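When you read off a place in the sequence shown, starting at 1, and then add 231, the result is the number in the working numbering.
If you are wondering where the hints come from, they were derived from the structure by calculation, not from laboratory data.
Treat the hints with caution; some may be incorrect.
With beta-carbon atoms standing in for the labels, derived distance ranges [said to hold, decoys possible]:
#1 Glu871 with Ser974: 20 to 26 Å
#2 Gly338 with Thr450: 24 to 30 Å
#3 Asp1127 with Lys339: 54 to 60 Å
#4 Asn958 with Lys486: 56 to 62 Å
#5 Ser698 with Glu882: 14 to 20 Å
Here are the simulated lysine-lysine pairs, DSS-like style, with alpha carbons at most 30 Å apart [stated by the list, open to error]:
#6 Lys1038 with Lys1145
#7 Lys566 with Lys694
#8 Lys927 with Lys897
#9 Lys486 with Lys741
#10 Lys1095 with Lys1005
#11 Lys1005 with Lys954
#12 Lys455 with Lys339
#13 Lys460 with Lys339
#14 Lys813 with Lys954
Here the structure is a predicted model, which is why all the values come from computation and not from measurement.
All C-beta atoms, glycine included, are put in the ideal place defined by N, C-alpha and C.
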Amino acid sequence: MLNSFKRTRLYTAVAVVALSTLSIGCTNNNPPASSQAAVENATSFNVNYERFTLDNGLTVILHVDRSDPVAAVALTAHVGSAREKEGRTGFAHLFEHLLFLESENLGKGGLDKLSARIGGSGANGSTSRDSTNYYQTVPIDALEKMIWAEADKLGYFINTVTDPVLAKEKQVVKNEKRQSVDNRPYGHNQYVIDKNLYPEGHPYSWQVIGSLEDLQNATLADVKEFFNKWYVPNNVVLTIAGDIDVAQTKAWVRKYFDEIPSGEPIEKLTPQPAKLETTVKRFHIDNFAQAPMLTMVWPTVPEYHRDYYALQVLSQYLSQGKNAPLNQVLIDEKKFTSNVYLYGYDAEIAGQLQLQTMAFNGVDLNQVLDGVNEAFARFEKDGISSEDLARIKAGQETEFYKGLSSVLGKGFQLAQYEIFAGGAGFTSQDVQKILGVSQQDVMRVYNAYIKDKPYVATSFVPKGEQSLVLKGSTAAQVVEEQIVAGAEESFDASVVADYERTPSSFDRTKEPSYGDSVTITPPEVWQTDLSSGLRIAGISNDEVPLVMFELKLDGGMLFDQEDKRGTANLLAATLLKGTATKSPQELEQELELLGASIEANASETDITISGTVLSKHFDALMQLVSEVVLSPRFDEKEFELAKNDTINQIEQIRANPNAIAAVEFKALLYGQDHPFANTALGDMQSVPSITIEDVKAYYNKNISPSLTKLHVAGDIEQKAVTKAVSNLNMRWAQKDVTLPAVSEPKLPDDAQLFFYDVPNAKQSVLYFGHVAPKVTHPDAYKASVMNYRLGGGGFASQLMQELRENKGYTYGIRSSFSSDQYTGEFTIRSAVRTNVTLEATQAIKDILSSFQSDFSSEDLAVTKGFTLKSGARAFETLGAKLNMVSEISDFGLADDYVLQQQTEVENLTVNDVKQLYANYIHPDKMIYLIVGDKASQFDRLKALGLGTPVLLNPSKQQD
232 MLNSFKRTRL
242 YTAVAVVALS
252 TLSIGCTNNN
262 PPASSQAAVE
272 NATSFNVNYE
282 RFTLDNGLTV
292 ILHVDRSDPV
302 AAVALTAHVG
312 SAREKEGRTG
322 FAHLFEHLLF
332 LESENLGKGG
342 LDKLSARIGG
352 SGANGSTSRD
362 STNYYQTVPI
372 DALEKMIWAE
382 ADKLGYFINT
392 VTDPVLAKEK
402 QVVKNEKRQS
412 VDNRPYGHNQ
422 YVIDKNLYPE
432 GHPYSWQVIG
442 SLEDLQNATL
452 ADVKEFFNKW
462 YVPNNVVLTI
472 AGDIDVAQTK
482 AWVRKYFDEI
492 PSGEPIEKLT
502 PQPAKLETTV
512 KRFHIDNFAQ
522 APMLTMVWPT
532 VPEYHRDYYA
542 LQVLSQYLSQ
552 GKNAPLNQVL
562 IDEKKFTSNV
572 YLYGYDAEIA
582 GQLQLQTMAF
592 NGVDLNQVLD
602 GVNEAFARFE
612 KDGISSEDLA
622 RIKAGQETEF
632 YKGLSSVLGK
642 GFQLAQYEIF
652 AGGAGFTSQD
662 VQKILGVSQQ
672 DVMRVYNAYI
682 KDKPYVATSF
692 VPKGEQSLVL
702 KGSTAAQVVE
712 EQIVAGAEES
722 FDASVVADYE
732 RTPSSFDRTK
742 EPSYGDSVTI
752 TPPEVWQTDL
762 SSGLRIAGIS
772 NDEVPLVMFE
782 LKLDGGMLFD
792 QEDKRGTANL
802 LAATLLKGTA
812 TKSPQELEQE
822 LELLGASIEA
832 NASETDITIS
842 GTVLSKHFDA
852 LMQLVSEVVL
862 SPRFDEKEFE
872 LAKNDTINQI
882 EQIRANPNAI
892 AAVEFKALLY
902 GQDHPFANTA
912 LGDMQSVPSI
922 TIEDVKAYYN
932 KNISPSLTKL
942 HVAGDIEQKA
952 VTKAVSNLNM
962 RWAQKDVTLP
972 AVSEPKLPDD
982 AQLFFYDVPN
992 AKQSVLYFGH
1002 VAPKVTHPDA
1012 YKASVMNYRL
1022 GGGGFASQLM
1032 QELRENKGYT
1042 YGIRSSFSSD
1052 QYTGEFTIRS
1062 AVRTNVTLEA
1072 TQAIKDILSS
1082 FQSDFSSEDL
1092 AVTKGFTLKS
1102 GARAFETLGA
1112 KLNMVSEISD
1122 FGLADDYVLQ
1132 QQTEVENLTV
1142 NDVKQLYANY
1152 IHPDKMIYLI
1162 VGDKASQFDR
1172 LKALGLGTPV
1182 LLNPSKQQD
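Start from the sequences and build out the full structure, keeping to the hints where you can.
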């Protein structure tokens, strides 16, 4: 699939209809007729399954889905951070990592190596407060292999964990924490909230990832004790969903799992909701923040509690959309911010409702708090109307089906219900509870949990702006890690574990054979050009009653005037804010009553209106989209809000080292005069000067059906799509518009080393690369295949194996080719521990210098195995189908391009791959950009032999 190397651009999205999760919904005593059908359809929907339990207590849930030749396998252990001990935190998340590394019969590399060979989606996992998930979608011919592998993880794993293995994985987890918490703006906010919301010792008072100190102090005996208590069959649910033979699947499950012994009985945790006697206010001066952020948190109820559903509706109504009181006061009237979020962080034994808003620069958070209270007062006076309940309900029907549009999504939901809701058959009850919420329920839970109740408030502000924090706040106790050269524990990842094998009744070292081979049959794509010049293309698929679409208007930032960069982005930001005959609020309500999710984005090359809707409402939605395109409102107020939001986004880029690296790399790669050296957002020089007249001029000059394509995928036929856009086709006059020519940048003569200073950074962001073939080049796809073993294959790649698995320098590293019809890029990206910046860069250079000569027939076999077998799951979701439509329509590819690519891969030789590497990867002409702490790392980098680094922000240096 070409999506593996399509260009990744910096987008800004404007969400017009912010839809909630599956668990949000509502009804009222007299629902409007337009939404009554949604209630009836949703309550009658169910997910069929078969459940059985092995003698050892393992719960197994099977679901048959014949839509694609794949199966999703998920192993869910009912253990998360809540089962840890204070002082020994982070163990559940640590095991999420360890279980992929090795087991007795899969050997070193375990599931990751297996995944690469069988064309799996990439073995992955997640950890929450209450559970740990391990999951993967595989071609159906590899199902027995996956069941064998999952059983090996559960019953034949723990003996392979040795001191060196534990030492290395500690480094990986600590790198993950640095990347997701320590080295990003507001990263410590949740830690501060939970420490103050829950009493000491409460299972939710520490973070899922744990503390670095606890991880470092963990012994081998500690972690083995934790595993043996919690990772046992009687505390695990195995879910298998897809194109399965139920009888055969049952037999395989019994064969591989039956003899794994059960553990001690597991006691259920009782609800332990947080209780606050008084409001608690804390502040933190954030090293990375560029704007003040206020978070307010109220204790609520556990997930699936009877009040859980009404609280979800309350949070959506108060914060989402033009009718939302928080939106009206904080965004539209006071103009304190461009976004406000109110959401539940709900789990097994407690819940919390979190209100969060990042204010514009210089805004006093006390004023924001006053605005919150004003919004609450409006709600107390007016409540929630039946019309607002109806629109939320309509959105819920769409979200319900979206959540079940993949076999993995169905499997996850069944496991969630089984563990936390009392049984996998909770689907229909869940929907009924969602739709049973009344107007009175919403006001009742507001009074019970929010009105005049104590809360935890955190004020996170930039350096030098403590005056903006809430009055009465005291400093939060945040532990900042000090990165010291040579301070990390050493380990030898090459040491082979020596252990006694766990006995079995049969030879588990023998990997099961493949099942019957899978034939890849790409879905049929239809295309046609209408009389206006508008092109429509799509795939018809009736698996779920949904349609996904994108209306792509070519040009994007390419049509921006040089001194008005960001105009296309502001047009996208205002397109869905009303029409000539509908106010922003009226348009939003009409969209939401259709249950549609829709947004507008601008990129460097296009403006796209995209979304999802129930197929029965597609025609009505297209009438509204047509009105948006033909008669935009150009609302002055909405334009100013969008402009302020854009300026805030640009400022926030400076707060995030990863965003800094992406923006600076583009400028270095393309050069000052190239359009792609800029982002679609624009910059601080151009955006303030853009007026609404500039946006109108852009629209009048450049928006034409001759440069527009409508792509659809879902439960609709070509004839119905053509009919739905007939009005747009008839009324939309063509304009004489030509896309600007875009030059392809050249490779530099030599490698170049650049540095961007972020004082006190806990990690260094590495962003290396150079130009590459554009998408229409005959070698573009083959180059991406060649990259699989270098850095595109996750744990099957050399870069990941060396820098994460062997060295413990990083949480992740990836190399990739990305391209479109204009240009292409090859990049290597990672974030590494600050004190190994030099060593990590040198390790990457070493791999680049040896990859071509060392590439072997075994490497080729793994590359082919993954690439060819993964085709079985390439079109499973509507999103994947829509992407295929887009690739064919945008790039002029043949309808059977997927099969042509398959033939290209089958014909690849070792020498072909080596030649592709020589042609398209050039370490000696690469841009090496590092974003990190200059004081500790700049001078060390001279040892790379690339000369003295060029400092990109000398004026930003701090004493």
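Consistency of the hints with the structure:
1. Glu871 with Ser974: 20 to 26 Å: violated (36 Å)
2. Gly338 with Thr450: 24 to 30 Å: This hint holds: roughly 25 Å between Cβ atoms.
3. Asp1127 with Lys339: 54 to 60 Å: This hint is violated: roughly 40 Å between Cβ atoms.
4. Asn958 with Lys486: 56 to 62 Å: holds (60 Å)
5. Ser698 with Glu882: 14 to 20 Å: holds (19 Å)
6. Lys1038 with Lys1145: Holds, at roughly 26 Å.
7. Lys566 with Lys694: holds (23 Å)
8. Lys927 with Lys897: holds (29 Å)
9. Lys486 with Lys741: Roughly 13 Å between the alpha carbons, so the hint for Lys486 and Lys741 holds.
10. Lys1095 with Lys1005: holds (23 Å)
11. Lys1005 with Lys954: With a Cα-Cα distance of about 35 Å, the restraint between Lys1005 and Lys954 is violated, given a limit of 30 Å.
12. Lys455 with Lys339: Satisfied, since the Cα-Cα distance of roughly 18 Å is no more than 30 Å.
13. Lys460 with Lys339: holds (24 Å)
14. Lys813 with Lys954: Cα-Cα ~23 Å, so holds.
Of the numbered hints listed earlier, those contradicted by the structure are 1, 3 and 11.
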